[in-house]
Each structure stands twice: as structure tokens, then as C-alpha cells.
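**Student:** Going down the list, the protein sequences come from chains A and B.
If you want our numbering, it's the position in the first sequence, counting the first as 1, plus 12.
If you want our numbering, it's the position in the second sequence, counting the first as 1, plus 548.
In short, the hints are calculated from the structure, not lab data.
Just to be clear, a hint being listed does not mean it is correct.
Covered, in the sense of this in silico footprint (three residues per stretch, anywhere, with C-beta under 8 Å from a C-beta of chain B), are these stretches of chain A [what the hints assert, rightly or not]:
| no. | region |
| --- | --- |
| 1 | 180-191 |
| 2 | 216-224 |
| 3 | 250-257 |
| 4 | 361-374 |
Think of the CB as a built atom: it goes at the ideal place given N, C-alpha and C, for glycine as much as any other residue.
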Amino acid sequence: MLRSKAFNLLKSIHLMSGQPKLAYKGIHPVIASHGHHSHRSVGYRQRYKTGAGSAGGRTLSAALTKAMSEKELPGLLILDIGGTYGVQENIVALLKKHFCLITMKEFLENKKEMSKKIQSVFVSECRPTVDQELLESLPNLKVIGNSGVGVDHLNLKMISNFGVKVTNTPHAVADSTADIGMALMLASARRLVEGSQIAISPHTKYFAVDWLGVEVTRATLGIIGMGRIGYKVAQRARAFEMKILYHNRKQRRKEEEQAVGAHYCEKMEDLLQQSDFVMLVVNLTPENHKMIGKKELGLMKPTATLINIGRGALIDQDALVEALQNNVIRAAALDVTYPEPLPRDHPLLKLNNIIITPHIGTATVQAIQMMAEEAIANMLAVLNGQPIPSEVFPK
Amino acid sequence: MEDQKLPCVLIDCIGEKHGVYEEHVEFLKEHFCLITMKEYIENKKILGKKIRAIYMWYHKPVINEELLQSLPNLKIVASSGVGIDHLDLNLLSRYGVKVSNTPFIVSTDTADLGMALMLASSRRLVEGYQMAVSPDTEYFPANWLGDEVSGATLGIIGMGTIGYKVAERAKAFEMKILYHNRKQRNKEEENAVGAIYCKKIDDLLRQSDFVMLAVNLTPQTHKLIGKRELQLMKPTATLINISRGLVVEQDDLVEALQNKVIKAAALDVTYPEPLPRDHPLLKMENVLITPHIGSATKKTRHLMMENMTESIQAALTSLPIPHEVLL
Numbered sequence: 013m014l015r016s017k018a019f020n021l022l023k024s025i026h027l028m029s030g031q032p033k034l035a036y037k038g039i040h041p042v043i044a045s046h047g048h049h050s051h052r053s054v055g056y057r058q059r060y061k062t063g064a065g066s067a068g069g070r071t072l073s074a075a076l077t078k079a080m081s082e083k084e085l086p087g088l089l090i091l092d093i094g095g096t097y098g099v100q101e102n103i104v105a106l107l108k109k110h111f112c113l114i115t116m117k118e119f120l121e122n123k124k125e126m127s128k129k130i131q132s133v134f135v136s137e138c139r140p141t142v143d144q145e146l147l148e149s150l151p152n153l154k155v156i157g158n159s160g161v162g163v164d165h166l167n168l169k170m171i172s173n174f175g176v177k178v179t180n181t182p183h184a185v186a187d188s189t190a191d192i193g194m195a196l197m198l199a200s201a202r203r204l205v206e207g208s209q210i211a212i213s214p215h216t217k218y219f220a221v222d223w224l225g226v227e228v229t230r231a232t233l234g235i236i237g238m239g240r241i242g243y244k245v246a247q248r249a250r251a252f253e254m255k256i257l258y259h260n261r262k263q264r265r266k267e268e269e270q271a272v273g274a275h276y277c278e279k280m281e282d283l284l285q286q287s288d289f290v291m292l293v294v295n296l297t298p299e300n301h302k303m304i305g306k307k308e309l310g311l312m313k314p315t316a317t318l319i320n321i322g323r324g325a326l327i328d329q330d331a332l333v334e335a336l337q338n339n340v341i342r343a344a345a346l347d348v349t350y351p352e353p354l355p356r357d358h359p360l361l362k363l364n365n366i367i368i369t370p371h372i373g374t375a376t377v378q379a380i381q382m383m384a385e386e387a388i389a390n391m392l393a394v395l396n397g398q399p400i401p402s403e404v405f406p407k
Numbered sequence: 549m550e551d552q553k554l555p556c557v558l559i560d561c562i563g564e565k566h567g568v569y570e571e572h573v574e575f576l577k578e579h580f581c582l583i584t585m586k587e588y589i590e591n592k593k594i595l596g597k598k599i600r601a602i603y604m605w606y607h608k609p610v611i612n613e614e615l616l617q618s619l620p621n622l623k624i625v626a627s628s629g630v631g632i633d634h635l636d637l638n639l640l641s642r643y644g645v646k647v648s649n650t651p652f653i654v655s656t657d658t659a660d661l662g663m664a665l666m667l668a669s670s671r672r673l674v675e676g677y678q679m680a681v682s683p684d685t686e687y688f689p690a691n692w693l694g695d696e697v698s699g700a701t702l703g704i705i706g707m708g709t710i711g712y713k714v715a716e717r718a719k720a721f722e723m724k725i726l727y728h729n730r731k732q733r734n735k736e737e738e739n740a741v742g743a744i745y746c747k748k749i750d751d752l753l754r755q756s757d758f759v760m761l762a763v764n765l766t767p768q769t770h771k772l773i774g775k776r777e778l779q780l781m782k783p784t785a786t787l788i789n790i791s792r793g794l795v796v797e798q799d800d801l802v803e804a805l806q807n808k809v810i811k812a813a814a815l816d817v818t819y820p821e822p823l824p825r826d827h828p829l830l831k832m833e834n835v836l837i838t839p840h841i842g843s844a845t846k847k848t849r850h851l852m853m854e855n856m857t858e859s860i861q862a863a864l865t866s867l868p869i870p871h872e873v874l875l
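Given the sequences, and given the hints that come with them, work out the whole structure.
**Tutor:** Printed below as a string of C-alpha cells:
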């Protein structure tokens with residue numbers, strides 16, 4: 013299970029470091045964080061309680077422990093604590109177990125002293141922006157730990173030129189993003205948003221019986237991008253007896269295909285022509301910008317739905333507007349757009365055959381926690397010279 | 549001449565807000581001579597004797613004793629959908645009229661909608677959509693979170709055909725599945741979906757993150773979920789109803805939601821439908837309501853129509869009736 017993976021990452025770092033004084037040896041982050049809202053069963057939480065031998069500082073006074081550990085903790089730059097774009101309180105508490113936190117404000121107010129302390133940067137929802145100026149002012153920077161799997165907002169080449177590593181969190185995002193893909197497909201097919209508006213509208217006098225959506229069960233789902241997330245989508249879709257087609261840079265192994273009943277389409281065109289639902293689950297690279305344009309939309313069935321849980325720039329948005337206006341395809345459901353949010357006068361916002369959600373693929377209490385854990389494990393691995401679980405390399 | 553060979557079937561009307569679908573009429577007319585309520589009322593004496601079946605589409609036409617008395621040759625009422633709580637089965641039985649419904653074809657659509665509601669509610673999809681399109685939105689806040697469905701505990705109340713299909717789907721989300729049913733399913737069925745039987749509904753209520761109602765409405769399930777049951781649920785739990793509005797004591801639900809006794813509710817069914825426009829449920833942020841669309845897909849409605857046609861034909865030729873509803 014993916015939750016145990018994050019825990020094991022932290023645990024294995026401890027075992028390999030041979031530095032028992034370091035605070036990250038402590039209690040599992042799930043227990044340590046404050047205000048944890050998870051609805052996971054108590055039994056699950058209890059499995060991860062550590063034994064008596066953990067938390068090396070228990071025998072010393074709390075203040076002394078704190079002073080000691082703050083000295084040894086590596087400096088981590090974050091945008092802010094709380095506020096509009098800052099890191100949430102419970103994640104801050106988690107980060108503080110392993111790092112000495114420095115906010116952007118603190119850094120800018122005291123660059124001389126702070127700049128040498130910062131060994132890592134925690135990037136969450138693309139913030140803080142990592143530009144040349146920042147990289148030049150952080151001589152001891154070793155790693156940028158991104159919370160989330162997409163790194164299209166980072167200039168990998170530039171960062172690499174500074175000798176800085178980049179890590180992401182592919183494991184933590186998979187379940188929640190696959191879930192949102194399924195949620196969007198179901199909501200679009202069954203006209204859930206529209207239906208909910210009718211149900212509560214002050215003008216509704218009766219429910220029309222000829223108000224219909226389209227079926228999901230036994231329909232054909234075409235998954236473009238069969239990585240970790242795409243495969244989890246396939247696992248879920250299979251339970252809906254969907255016929256599953258997929259297009260990927262390379263074909264998956266036979267056992268993997270058979271486990272979800274997925275058929276490989278070497279040519280994306282074949283997938284587009286046969287699918288009732290087309291789901292984009294690829295990461296954004298310079299090669300696949302606007303991979304879905306007028307031609308691709310034209311190949312899709314007029315009864316088909318396009319779902320995007322990848323990145324907004326994968327789709328030629330103008331072409332999509334036209335396709336939706338002219339019923340070239342039935343509908344679209346997008347968790348991602350370009351930019352986010354869209355300008356308020358964008359034509360996509362005015363269409364009635366589209367659902368847009370505000371990039372909430374990993375917006376769950378559980379995923380946010382796991383992404384932080386995975387980012388921490390990755391950053392600590394870099395700082396301790398250990399094998400890095402999820403390093404991202406420039407092409 | 550041709551019309552007289554085809555059996556006469558009473559329908560409410562064609563088109564309009566609750567009538568037989570225009571696109572279904574062609575198929576129906578191949579098998580039946582359709583008589584609308586309007587036509588019947590204008591010519592009761594002659595048509596009354598001719599009508600041998602009623603094609604009841606979404607609870608219309610309404611059947612009462614007066615109607616039954618004036619249709620001496622009525623053999624069957626074919627009702628759309630699986631629920632038959634709107635029919636007086638005793639009354640129909642007294643007049644020797646058989647009843648059929650369309651049980652299995654609605655199952656997958658309804659199970660799909662149950663999953664859709666669970667996902668939409670948990671991930672705050674409608675709220676998110678409103679934020680994404682609102683003219684006032686300047687940015688997407690970082691702290692805006694929902695709860696995960698994958699790995700959570702789903703308690704299914706009513707493990708019939710629909711409930712079981714929900715379980716099959718939920719299993720793929722690695723959900724822990726508990727169920728409560730009049731009788732336990734056999735071991736193979738349980739193992740296939742990893743479902744654990746809760747003989748006492750209380751055990752299911754206490755442990756579930758999502759409670760889904762998939763029972764049919766009977767005197768035993770009427771107001772099955774009331775204040776007591778809601779209080780047994782976790783304060784972080786969501787109630788999902790894809791059965792019938794009356795399975796839930798609605799006033800108790802309103803109170804429970806207002807006092808955060810449970811986290812949220814997602815309802816495809818209410819009582820009545822639609823709710824009065826000033827009903828508190830319509831204003832609550834943590835409530836998602838859909839307009840009874842459990843089986844609302846083109847394919848399924850077409851299959852329902854075919855099913856009902858089959859049932860009527862069987863009844864009129866004295867053959868075993870597929871999907872007959874017995875008292």
C-alpha cells in the first residue's frame with residue numbers, strides 16, 4: 013500500500029544514516045502532525061506507532077532537545093506558513109521534525125545569514141518560484157523537493173547546472189488523482205453538476221423524466237498515458253466493466269495489461285476513434301504540448317467525452333472550445349487548464365457541456381500528508397547521500 | 549384494421565414532462581395500440597373494454613380503484629424502474645391484475661451513480677466547479693481540501709443486485725467494504741468483493757466513512773435511518789442515498805447535518821421529489837442532491853421500455869412474465 017511506502021522511506025533513511033541523534037528518527041509523521049483530519053480507521057493509525065526505542069531525545073529536557081536538534085537540522089526554504097499560498101500548519105509541523113524552516117520573507121530579510129543555511133527548498137503548488145536569482149543566492153542548496161509529481165513548472169536544466177537535484181512525489185499522488193479522473197468521468201457522463209443545480213434551483217417545479225446522461229458501465233475508456241496514475245485509473249475502470257484501451261510511450265507487460273483488461277493502441281488515432289471517454293494522464297513535456305488539437309478532437313466520436321487530469325497545456329484550448337461549441341465531441345471534464353485559473357472571460361467557462369475543477373487532483377487531507385512525507389524522504393536521501401527514491405532528471 | 553390486431557395498452561401521454569419518450573413510440577407502436585389517458589377519458593365506454601395492459605412510465609398513469617373498475621380486461625401493469633413502492637399491490641391483486649417491474653437493467657447505472665455521488669461529495673466536486681467558473685475567482689486557494697475515497701471504509705446497507713455492484717466498484721478503489729442485509733450473502737460472493745457482513749447495522753454505522761443506502765422501500769425499511777442511526781455514524785462520515793427518500797427520516801437528517809453529527813450527505817432521492825423550494829436541505833453546503841437520475845441514461849431507459857414490452861406481451865399470451873412482482 014502506498015501509505016506504508018512513505019513510512020518505509022523515512023524508516024530506511026534512518027537505518028542507513030547511522031546518525032541516531034538526528035531528529036528525523038522520531039515518531040511517524042502521521043502521529044506527529046497536529047490536527048490530523050484523516051478518517052482512516054484507528055486500527056490503521058495504530059499500526060504505525062513506533063516502539064519505545066524511537067525519538068532519541070526523550071530522556072533529555074524538551075528545551076535542550078529542541079536547541080540541539082535545531083542546530084543540526086538542515087535548512088529548508090518554503091514560501092510561507094499558512095496564508096493564501098503558504099504551507100498548511102500540519103505540514104509545517106511535519107517539516108519541522110526534520111528541517112529548520114526558513115520562510116521566503118525571513119530569507120529576504122536576512123539573506124546574508126540565511127542563504128548559507130538553506131540546503132533544500134520545498135516546492136508546493138509551484139511555490140516558491142525557483143529562478144536563476146534564487147539559485148545563485150543559495151550556495152549550499154542541494155535539492156528541490158517538489159510536492160506533487162508534475163515538474164513542468166521547474167526549469168530542470170537550469171537547476172541541474174547549479175548542481176542541484178530535483179525530486180517529486182509520484183507515489184503519493186497516484187490514488188487521489190486516479191480518483192479524480194473517475195469522479196470527473198462519472199460526473200460528466202451522468203450530468204451530475206447540472207443535475208445538482210436543477211435539484212436545488214428555486215425555479216424547479218418537477219423533475220423531467222426525459223433528462224438523460226450516458227452510461228459509464230461497459231463503455232470504452234481510452235487512457236492516454238499509462239504510468240502509475242493511468243494504471244490505477246484502469247484498475248478502477250475495470251470494475252465498471254469498461255473496455256480499456258491505452259496509448260503510452262511503450263507498451264506495458266502482458267501480465268499488467270491482462271490484470272486490467274487493457275488493450276494497447278500503438279497509434280493514438282486508433283484509441284481516439286474507438287473511445288467513449290478519453291482520459292489524459294500524461295505528464296507535460298516539450299514534446300506533448302497541445303497533443304490534443306483540432307485533428308485529434310475530430311477523430312473522437314461525437315458522443316465522446318474528453319477528461320484531462322494531466323496538464324492544461326496538453327490540450328489546444330481554442331480547438332477544444334470550438335469542438336465543444338460545434339458538438340464535435342459531447343463534453344469535456346478538466347481538472348487542469350492553462351492558465352489556472354482561466355481568465356474570467358474565457359469561453360470555456362461559458363459552455364454548458366464542460367466541467368472544470370480547480371486542480372484538485374491531490375487535494376485531499378491524506379494526499380497532502382503523503383506528498384509531504386514523500387518529499388521529506390526524498391530530500392533527506394539527497395542530503396544524506398543515499399539512494400534517492402524519486403529523482404527527476406532533465407532530458 | 550391493423551390497429552385492431554395489436555393489443556390495446558393504456559399510457560399517460562407522449563412527450564411533455566413525464567410522458568412516454570417520443571423516440572420510444574415507434575417501437576411501442578409496432579407491438580401495441582397505444583391509448584393515451586386523454587383518448588381514454590373521451591371514449592371510456594368503448595376503450596375501457598379494449599385496454600388489456602397499462603404501460604406505467606415513471607408512475608403515470610396513476611392507478612386507483614375507479615380506473616381498475618372501468619378496465620375489465622386489464623391483465624397487467626408494467627411499471628418502469630425497480631421500485632414498486634408507489635403501487636398498491638393488494639389492490640391490483642384483488643382485481644386479478646399482474647404487475648411487472650424492470651429490476652436488473654437499472655442496477656449498473658444506479659451503482660454508477662452511487663459511486664459518482666460518493667466521489668463528488670468526498671472531493672467537493674460541485675463546490676470546486678463553482679469556484680473554477682465563478683466570476684469572482686482570482687486564484688485557487690492552497691488549503692482547499694476534500695477527503696479521499698480510495699482506502700476508506702464503505703458501509704453498504706442493502707446488498708441486493710445494486711448494492712453488490714456498488715461493492716464490485718468500490719473494491720477497485722481499495723475500499724474496505726462492510727454490508728448489512730436481511731440475510732448474509734454466501735462466502736464466494738463476499739470474497740469476490742471483499743465484503744464483511746455486519747449482522748447489526750450499528751456495527752456498520754460506527755465503522756464506515758461512507759454509508760450507502762441501496763435497499764428497496766418497504767414497511768421495514770421506512771425511516772430506517774433516523775436520529776439514532778445518524779448519531780452512531782462517525783462525525784466524519786457521509787450518508788449516500790440511492791434508494792428511496794423515505795428510507796431516511798429527513799428531519800433528523802437535517803438536524804444531524806446542521807449540528808455536524810455527520811459530515812455530509814449525497815442524495816439522489818428525497819421525499820418528496822422535488823423537495824419544496826424552501827426546504828433546509830437545499831441550502832446546506834455539505835449536501836449534494838441530484839434529481840433522481842439513478843437510471844437516467846439513454847441506453848437503460850431504452851432497455852426498460854423493451855423489458856416492459858416483453859412483460860406485457862407475456863402476460864397477454866399467458867406465458868410466464870419476466871420480472872413479475874409477486875405479493
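**Student:** Would you list, in rising numerical order, the hints stated earlier that this structure does not obey?
**Tutor:** none
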